[in-house]
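Build out the structure end to end from the sequences listed, making use of the hints.
Protein chains: 2
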Amino acid sequence: MLFRQLFDAESSTYTYLLADPATREAVLIDPVLEQVERDLRLLTELGLKLTVVMETHVHADHITSAGLLRARTGAQVMASPRGAPCVDRQLVHGDQVRVGGLELRVLETPGHTDDSLSFLCDGRLFTGDALLVRGTGRTDFQNGDSGQLYDSITRELFTLPDATELYPGHDYAGFTASSVGEEKRHNPRLAGKSREDFITFMNERRIPPPRKLDVAVPANRACGLDPEPLSPSSA
Amino acid sequence: MLFRQLFDAESSTYTYLLADPATREAVLIDPVLEQVERDLRLLTELGLKLTVVMETHVHADHITSAGLLRARTGAQVMASPRGAPCVDRQLVHGDQVRVGGLELRVLETPGHTDDSLSFLCDGRLFTGDALLVRGTGRTDFQNGDSGQLYDSITRELFTLPDATELYPGHDYAGFTASSVGEEKRHNPRLAGKSREDFITFMNERRIPPPRKLDVAVPANRACGLDPEPLSPSSA
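Protein chains in written order, with UniProt numbering: chain L, 1 to 235; chain U, 1 to 235.
Worth double-checking, as some hints may not be accurate.
Each pair may be met inside one copy or between any two copies, as identical chains are not told apart.
[To be verified] Lysine to aspartate or glutamate pairs mimicking DMTMM-like chemistry, simulated, CA-CA at most 20 Å apart: (1) Lys-49 to Glu-37; (2) Lys-212 to Asp-114; (3) Lys-193 to Glu-45.
Because the hints were derived from the structure by calculation, they are not lab data. Here the structure is a predicted model, which means the values were calculated and not measured.
Here it is, written out as structure tokens:
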């Protein structure tokens, strides 16, 4: 598999490029609007054809480039039926997405948002904002639910093999990856913590809402193509 | 091999952790002072013993944590004889550094600075600031030399197999990695460019000196342990 992790420094968002080196078909997970030219150029340079864009959820902290990528490449956009209505294919638990010879398995991991998905491909797990390196997504907006997030992590993600490589949707401390076993042992919100502990911790956090919440959520429900958020003043 | 890429957002510096999963011995390449607690904690959590710290060169844009790491872990600090005099072992072209069962091969790749080294380990190439993703290090201070940098890249790095994974010392555009073949084909300063083209391009650039040049270079020549740069006001 051709694999590349990409970063948007402004929103600390990771985008992932996976491709089949034989067929040259590629998928982008969680691409960022401001990086669309970088990402299209990289696809061209690597001789790849973007066929699929997958969203882990409707993001509140950045705007997706999914709609623009679809317009420029013909790629199919995929996300949860609880997420953006603009997609070409709705993904539910257990679905398989084929990209050339690659198979991405869909795991529903709600709790950060009600539409949160994780994707598993060849020993690599893409967790969006459900599980971060030594952290988790927040649960205080977009139908977030701390108990549900705890269940998603402990009953879905933590039942995967310990060696599964974990690639988060964001990082703010300079980590690029982890593993399932590592987070089971060392994630301070989860290691040795009960469901109740987790809910209490999450509910007691007092953090300001994401700066882009009001702009990003409606824009992302339109796959980033809402004309308003695309203007320089609001993007 | 256990491998982890780490990022310091303030200086856009990548630090690399490589370890032998059998013996648990580990090496850090280009660790950053401000991240020393993160890195020590990660080593502890992963059950690793830091035995070696390698510097690609005397950095001008951040201060190394090599000296602190040596004091805290007993690790040996290694760099070029043209670099910091505080090291435990001086590395020259062709040297092999053993870390458990891992072997890191030393390549002298001067030009960004006169002490610049690259390290090769199991198909992964760590280039420091010699070769960056779609860029190169600058050559306008610390005995930098554009012609020498062109030679280092084209005669040393570009003679490695195309599939060699390339891990840079910095990135400012959200790239985490590339490959030798990719940079040969798509690095705008090098692909299809002569030595003369490269020298002309580098000499015509007008960019301000690194913000930390005056502080970082003397501090790094003392492995980051100079008391002055360690004070909060100047670090």
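Quiz item: Which of the numbered hints above does this structure break?
Solution: Structure breaks no hint.
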